[in-house]
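Asks: Given the coordinates of chain A, assemble chain B onto it according to the supplied hints.
Going line by line, the protein sequences match chains A and B.
FYI, in our numbering the residues of the first sequence are 30 to 163.
FYI, in our numbering the residues of the second sequence are 30 to 163.
Only true hints are included.
Note that the list lumps identical chains together, so a pair holds whenever it fits in one copy or between two copies.
Capping the alpha-carbon separation at 27 Å, the derived lysine-lysine pairs in DSS-like fashion look like this:
(1) Lys91 - Lys50
(2) Lys59 - Lys103
(3) Lys152 - Lys91
(4) Lys35 - Lys159
(5) Lys137 - Lys152
(6) Lys157 - Lys73
(7) Lys73 - Lys154
(8) Lys73 - Lys159
(9) Lys157 - Lys50
(10) Lys137 - Lys73
(11) Lys119 - Lys91
(12) Lys154 - Lys50
(13) Lys73 - Lys152
(14) Lys119 - Lys73
(15) Lys35 - Lys103
(16) Lys103 - Lys91
(17) Lys53 - Lys91
The set of hints was computed from the structure by calculation and includes no laboratory data.
There are 2 protein chains.
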Amino acid sequence: MKSWFKSIENDPENTTYLLSKVLKELTFDKDGLIPVISQDYQTKEVLMFAWMNRTSLEETLKTSRMCYWSRSRKSYWRKGESSGHWQTLKAMSTDCDGDVLLALVDQKGAACHTERRSCFYLKFKEDKIKIISE
Amino acid sequence: MKSWFKSIENDPENTTYLLSKVLKELTFDKDGLIPVISQDYQTKEVLMFAWMNRTSLEETLKTSRMCYWSRSRKSYWRKGESSGHWQTLKAMSTDCDGDVLLALVDQKGAACHTERRSCFYLKFKEDKIKIISE
Numbered sequence: 030m031k032s033w034f035k036s037i038e039n040d041p042e043n044t045t046y047l048l049s050k051v052l053k054e055l056t057f058d059k060d061g062l063i064p065v066i067s068q069d070y071q072t073k074e075v076l077m078f079a080w081m082n083r084t085s086l087e088e089t090l091k092t093s094r095m096c097y098w099s100r101s102r103k104s105y106w107r108k109g110e111s112s113g114h115w116q117t118l119k120a121m122s123t124d125c126d127g128d129v130l131l132a133l134v135d136q137k138g139a140a141c142h143t144e145r146r147s148c149f150y151l152k153f154k155e156d157k158i159k160i161i162s163e
Numbered sequence: 030m031k032s033w034f035k036s037i038e039n040d041p042e043n044t045t046y047l048l049s050k051v052l053k054e055l056t057f058d059k060d061g062l063i064p065v066i067s068q069d070y071q072t073k074e075v076l077m078f079a080w081m082n083r084t085s086l087e088e089t090l091k092t093s094r095m096c097y098w099s100r101s102r103k104s105y106w107r108k109g110e111s112s113g114h115w116q117t118l119k120a121m122s123t124d125c126d127g128d129v130l131l132a133l134v135d136q137k138g139a140a141c142h143t144e145r146r147s148c149f150y151l152k153f154k155e156d157k158i159k160i161i162s163e
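One chain only, chain A, in its complex shape:
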């Protein structure tokens, strides 16, 4: 764990830090990426899991529109740009060791490219997996 996050972990509730400092301390992997969990800000349903680089994170915070980094296309992925299924950022947090982001979003339409609301439609049921979109 990065020592800076370790150094603040016992600080009391409501302590604040400069965002610019925290952005410097976040862990981006060797490809310059950090994982992002996107959750519906109202229902709390986990909608999708993707990646950002530093620039897409900064754009997301500036515009409040989710901008990921597509590892397959190796390009910025402004969610909704082609599908119209925009994600508006409502809140963001990072975890105790600053190596993952959690975004609460207002999702227009489907988060999943299959047109399902959430990408997590493959449910484990004993010795089977079942498509359940809810």
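Replies: Leaving out everything else, chain B in the frame of chain A:
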């Protein structure tokens, strides 16, 4: 995206597949790991984010006790073994491209090593980050 997941994505609701098949098709990264999002099965709060390898996933499914792979300690991490903060698996799913797992868990006590319920206590607030455990 792995072609097998692509091949089933238009299948209708409630289609089932053998778990053994799906486990073979999941994407584990070059270190043999797959990311895992753990969410409180009742409140839907995202509690933590960690990693599993194939063996820890199989153990988790068999025992219904969450068993991760600790990247820092390079060892199995049976959540709660040292802290008593066990996570019982209530439901699991994977996403449209089979490269991440979502676990709904019954969390005893704190998920975070800081004794906070969730690891995601560092909330972005404009140009600041604030400790808010909720």
